[in-house]
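Order-wise, the sequence lines are chains A and U.
Mapped onto our numbering, the consecutive letters of the first sequence carry residue numbers 1185 to 1796.
Mapped onto our numbering, the consecutive letters of the second sequence carry residue numbers 4 to 354.
Treat the hints with care, since some could be wrong.
Derived lysine-lysine pairs resembling BS3-like cross-links, with alpha carbons at most 30 angstroms apart [claimed, not checked]:
hint, chain 1, residue 1, chain 2, residue 2
1, A, LYS1364, U, LYS351
2, U, LYS162, U, LYS280
3, A, LYS1581, U, LYS351
4, A, LYS1364, A, LYS1534
5, U, LYS280, A, LYS1355
6, A, LYS1641, A, LYS1662
Hints in this document: simulated from the structure, not taken from any laboratory.
Fair warning: this is a prediction, and the values are worked out from it, not measured in the lab.
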Amino acid sequence: MASGSGPGVNDFALKVGTVNGTGSASANGLLLQALFRMGIPVSGKNVFPSNIQGLPTWYEIRVNRNGHTARSPDFQLVVAMNPQSYVRDIEEVASGGWILYDSSRELDDQLRREDVTFLGVPLAEMCVEHFEGARTRILMKNIAYVGALVSLLDIDMDVVKGMLEETFAKKPHLIDANLKAIELGARYAAEHFDCPLPIRLEAMDATKECVMVTGNQAAGLGCLYAGATVGAWYPITPSTSLMDSFTEFCHRFRVDPETGRKRFCIIQAEDELAAAGMVIGASWMGARAFTPTSGPGISLMSEFIGLAYYAEIPSVFFDVQRTGPSTGMPTRTQQGDILLCAYASHGDTKHICLYPANPKECFEFAVAAFDLAERFQTPVFVLSDLDIGMNDWMVPKLEWDDAYVPDRGKVLSASEIEEAESFYRYLDVDGDHIPYRTLPGVHPKGAYFTRGSGHDKYGRYTEGSDEYVEVVDRLRDKVDSAGDRVPQPEVFGERALTEGGTRYGLISLGGCHWAVLEAREDLAARGVELDYLRVRGFPFCGDVEAFLEHHERIFVVEQNRDEQLRRLLLMETACPKEKLESITYYGGQPLSKGHVLDGLAAHVGLAEAAAP
Amino acid sequence: MSYIEKPVARHPGMRTNALGLTPRDYEGSMSTLCAGCGHDSVTAALIQAFFELDVEPHRVAKLSGIGCSSKTPTYFVSQAHGFNSVHGRMPSIAAGANAANRDLLYVGISGDGDSLSIGLGQFLHAVRRNVNMLYVLENNGVYGLTKGQFSASADVGSKSKRGEVNRQGPIDPVDVALTLGASFVARSFSGDKDQLVPILEAGLRHEGFAFVDVISPCVTFNDHVGSTKSYAYTRTHMHEVVETDFVPIMAEITTRYAEGTVRAVTMHDGSSIRLRKVDEAYDPTDRAAVVDFLAAARERDEIATGLLYLGEAGEDMHAFSETVETPLVDVPFGELCPGAAALDEIQKAWR
């Protein structure tokens, strides 16, 4: 797969610093997609403020011919378009790297660095000269830096042209304007600099079977495919685009062509409490219903989550995690809700959680979440995060099996109710801890009273100790039994689950995965082999226990301060405390391999880790 | 409260409705509320309303929050699914349930603590969302289960059992519902079944959010001298401004009102509500005038009762959402999932 050319070819990271609200998102999207279409593995990370217009915003692009897509903070090239952030942006470029800036305004000498090359392009001047109107000039300035990069990095101009034609198919005058801006930048760079730079692109064939998509788009699509009909939500960053995606696809695929009526109902609730209530109400009726939210929403929904747990109502919650606690940093990522979701609500509760690592898994786990929720009649959480949810990820194409049948769980039909001698909602008839369920409106004999107050196995109100205990014990066993049905861990290392594996091991989850994989590959190149297990679901299954058992020390890599996955493993497995050590990063950026390597080095020398 | 099992008593001569069911078939389990509680009278009125409307019991969904009032759904229509949810959050459960299955008859039972304090937000948004349901607020001005604290509907000057006088202004749910555009707003009294039953029947048949505030005295904590939500106070201060009668579709139109003063409003299913103004000046279809009238009545310490406002139901939650007629729970999976070929097509845009 690797290209044969020099070290900078198809292997570098660049960062664009702009002002938000100026149209730079389209320019950066264009750039990312162009590289993807050239067949080169690429990833984009949007680092944006909680603001609509005027504050600094950044877009990071990593090109990696080996397919690594984790964030890389080693920027060889910085496109500095925002004087507000010049100081920081110029500081961040790696020694020997390049800074592309708008030379319409003289750069302050104090900002200059000797160890990097400054590439000044008079973008604003060019745009003032060639375009009319303040807004157009600002927008085109952003397109023009993409043009400069076309020459500097050797981006395929035909690909760029093709994309502009597709994007503006309905507004041909915009194709011309954008193309003109691209050409202005490209020509200037070609005439004034030694193009292409040593860091440059060469077309590859590595993305053909992939798509470029965000986790929220994919999760919203997963809800569509799972057959969800009711979505209730309260807008919150970074989960909003999940409902946007569901809405868009529903409008495309769920509108009756004859009547224009919709086979879905999306309710923008007054708050997250209500959103959770609506999901529970709809699920009680037998619909597949969900709500997308983030940590603050889960906090508010917690009372209802306990109700759904105790009254055994299937319900699906997407927690697109952001940096907490409290409002925290709403536009930065974190895995800070692992413990919150595992035990949300007062009293004894425990919930099924799924941890997707990329948008493809967001799609797959969305479908799995509805199946699990209905099978186990309980809340299910899908925990992605801002990085997975909102950034563009290159992932293998999503797949769908038309033979898929939703698992509606143990729901009695009208005829089954009719024929049944008796029906008691919370009775463990089959000995699998899962009772039978009836839906309202189906049959008079199926009626029962759903309540969050104490109830016995017959569904009757109770304040009796034994009757209460009998039901909550079954609930415990029921949720625990889901461990074998949640997505099973991904295991790396031939003997990772038995005797004879590596001495030390790594465990992580979610979006950490890509940095861990890259770190592992680096270590392997240095002769250090480490078994690795990526947890994909909670409750933990036997493989997790086996992995913990068969390694002397295990490093748990996660993105929160409080070692939440480590604590969860300690609480929920037989693993002794001293075996598990943490490698945490929680500053709000996606994890990089450096975090993993540094963390490992801090715990054990790499030489020690290499010992058999 | 009663502590014996409810006896099953079927009198051979008991009247039956069009479905062949007796009023017994619309009852629930034995009430555990205090003897004399207003809420039990509301329950009895609901049972009568369901019976008289020939409602199929299992096509009813009854919901509530938390509190004395919220216990009552267990006391009627035992063959209907019930949901006793969490405090103040019944409206969101009802909205979600209705979104999923629009064909059931939804009844929400709430109280003044449940709807006007902890759940005020959800109550307001249920009105605004125009969820198709009957929403009964059993209003006694007091928290019963926690032993007698004032609720947000307690009037200024009303005295608690411990002698404390309430000085904070009340939230009048009727006023709130009217202001937010509810199309069916009534106030009644648990002690006046003749008035309450037709109002509940009309509310059940109303398409859209039907709100009924029922003054329902708490015999244990708020039925003393000095309380403005006691039986005695309510009886002496209530003033019926509109008499209501509900006429089912097939029923012969017989009215106890004098011709000429009656206004008939036809419902979507062909049944009708007949309103007779007791107060000459009162117009139950003029929202602004009703709001003014009620404000003036309050000034006179008068509790205006009856079907106070009835307007066009307007668009309900499903109309806003343009949902299909078929309940979403009945739409087959094949019509929901676009399948593998469509997925390929979708992903072309992600290249």
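Report task. Below or equal to 30 angstroms on CA atoms is what counts here, so check LYS162/U against LYS280/U. Result -> violated (33 angstroms)
Query raised in the report: LYS1364/A and LYS351/U: Cα distance at most 30 angstroms?
Result: Holds, at about 27 angstroms.
Query raised in the report: Keeping to a limit of 30 angstroms between CA atoms, is the pair of LYS1364/A and LYS1534/A held or broken?
Result: Roughly 58 angstroms between the alpha carbons, so the hint for LYS1364/A and LYS1534/A is violated.
Query raised in the report: Quick one, are LYS280/U and LYS1355/A close enough, alpha carbons at most 30 angstroms?
Result: Violated - the C-alpha atoms of LYS1355/A and LYS280/U are around 63 angstroms apart, more than 30 angstroms.
Query raised in the report: Between LYS1641/A and LYS1662/A, is the straight-line Cα distance small enough, at 30 angstroms or below?
Result: Holds: LYS1641/A and LYS1662/A sit about 14 angstroms apart, inside 30 angstroms.
**Report entry** Pairwise hint evaluation, LYS351/U against LYS1581/A, where the allowed Cα distance is 30 angstroms at most
**Finding:** Holds, at about 10 angstroms.
Checked against the numbered hints given earlier, this structure breaks hints 2, 4 and 5; the rest are met.
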